[in-house]
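J.: Residues per chain, in single letters:
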Amino acid sequence: MSTITEKDVEYIANLAQLTLDDSLKARLVGELGNILDYIDKLNELDTDGVEPMMHVQPLTNVFRDDEIAPSLPRERVMEAAPKHDGEYILVPQILEGD
Amino acid sequence: MSEPIHLKSAHSLRDAIRAKEISAREAAEAYLDHIDAVDGDVRAYTDVWREPALARADAIDSQLAKGEDAGPLAGVPIGLKDLICTTEGTTACCSELLKGFRSPYDATVAEKLYAAGTVVLGKLNMDEFAMGSSTENSSVVTTRNPWNLDCVPGGSSGGSAAAVSAHECAISLGSDTGGSIRQPAACCGCVGMKPTYGRVSRYGLVAFASSLDQIGPFSRDVEDCALTLNTICGHDRRDSTSANLEVPDFTTSLTGDVKGVRVGLPKEYFTDALGVEIRAKIDSAVKVLESCGAEVVEVSLPHTEYAVATYYIICTAEASANLARFDGVRYGNRAPDTQSPEEMYKKTKSAGFGAEVQRRILLGTYVLSSGYYDAYYLKAQKVRTLIKQDFDAAFEKCDVIVTPTTPTPAFRIGEKSDDPLSMYLSDIYTISANLGGNPAISLPCGLTESGLPAGLQIIGRPFEEGAVLQSAYAFEQNSGIDLGVPTAIAESVS
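Residue numbers (numbering that gives the first Met the number 0), protein chains in the order written: chain A, 0 to 97; chain B, 0 to 493.
Since the hints were derived computationally from the structure, they do not count as laboratory data. A virtual CB, placed ideally from N, CA and C, is assigned to each residue, including glycine. Any given hint might turn out to be false.
Covered stretches of chain B (in silico footprint by chain A; criterion: 3 or more residues with CB under 8 Å from a CB of chain A, positions within the stretch not fixed) [as the list claims (entries may be wrong)]:
no.	stretch
1	12-22
2	125-131
3	379-387
The list that follows gives simulated cross-link-like pairs (lysine-lysine, DSS-like), each with its CA atoms no further than 27 Å apart [stated by the list, open to error]:
no.	chain 1	residue 1	chain 2	residue 2
4	B	Lys346	A	Lys82
5	A	Lys24	B	Lys346
6	B	Lys415	B	Lys98
7	B	Lys258	B	Lys396
8	B	Lys387	A	Lys40
9	B	Lys98	A	Lys24
10	A	Lys40	A	Lys24
11	B	Lys266	B	Lys396
12	A	Lys24	B	Lys415
13	B	Lys266	B	Lys286
14	A	Lys40	B	Lys415
15	A	Lys82	B	Lys98
16	B	Lys381	A	Lys40
The task is simple: from the sequences and hints, build the whole structure.
T.: Here it is, written out as structure tokens:
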């Protein structure tokens, strides 16, 4: 029932911030199509009036006391960052211009 | 000569260390030597912490020498799946994207296991970001089944299962989103348990699908499983989804007796999809439980056939959100020479994520995208409600549900790697317990003609791990089944 086209794959890849080469794109059209056909099985079921389950435990808002506690050691956090100056994590320039 | 150290269960090793018959250092050395002997074949470890493990074992020995209590698992060598954050070594989720990542903190389960006195031997192989059922999606290596090196160990916690079965650690931890503990435990012939959703803190577990993920133990017997649960379960303010409930002493459930326990057999699991050999093993397992006093009843879980489809909508949707964080900013391997943030995100993700991870991110993005949300994601959440209601109704009639863990024994390496859908269907019997949030165990129930293990699954009501362990222990103690040392590594063990 559901057909997924190369254009759809391109569209969602862009949403997911992925770049696909042409051969991978072609392969994914087939593979995702098969999986979606299988998933369409759910349409056999009448779910009118059924509550969707967001979470399996009946938890509502979980609060904790607003207490000051140590955060992670900065050196170890910075060590994991691909680029940093010891105080800030660095990324390519975001705004155009100087 | 007495039994080699690495053949002992965790509890008997713990007792011997406490009685000072064996030192923690001797135990660690025995395991490390055994890893050297067999891991070239099995390939369960991605990183072995030889020096840190020996230093830790020495610290335990000096605590014991001073007469201090070194913890309920003092000196027991263990391994951790590569998605459990540790300040020691790296936590890479077997992904190129996170290769070399050093966590600035320890996961709650790692802290608890350290406090219990365990000695961590290293990190264990897995499908990248826990996505897969064979460990073939690891960016590091493909783990091989200790019973037949041409077969997969299952997945995604395949390294954790293979290491315990091959006696390369006494206990290990894995994670289970749709069967990733129970399916490899069944394939490798060990005990693997997914506790109730919320029972174990996931602080420091790299998330795959947050409404389904749960951490749990692998062990070589049910008693070791109960002991590990005693250590890792409990509320944690750093994981707001962890349940604020008392944790019982799970070893008190190991009575060996199941008199009056109602064992439910869901008819939907015993169809033509189930291989005849596995079916025969499950039938005999049920007879063992019956002979121990259990009452067998037929139950129905009518929405079983919709579980896999429901799961692959929910887990991919959640994964697409969870994995968005791996954008090359705060951690991971950023693609070089990019001129804008957008280019950096795209190049980092496309180069860092493997094929299955990209496939699931795309599927998850699709089912959440505008125009498809109601048809897929909302629909799946509604069917999840029906699946949960099936369990609630079945557990009115029975105390535990018994099923096969997998429809077939371990498949051959490469057999399903080109067909994602057939790989997904290998989790057909394990997925429902994740959707319902129920605790479930897999334990060995024999070997097939081809010499591969078969797994028996026991599912319980939420937070009734004790009932699951009670039935599992009664089966283990009364079935006479002891698989022994896996055939493919037996030579190295004698």
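J.: Check the structure against each numbered hint from earlier and tell me which ones fail, lowest number first.
T.: Hints 1 and 2 are the ones this structure does not satisfy, whereas the remaining hints hold.
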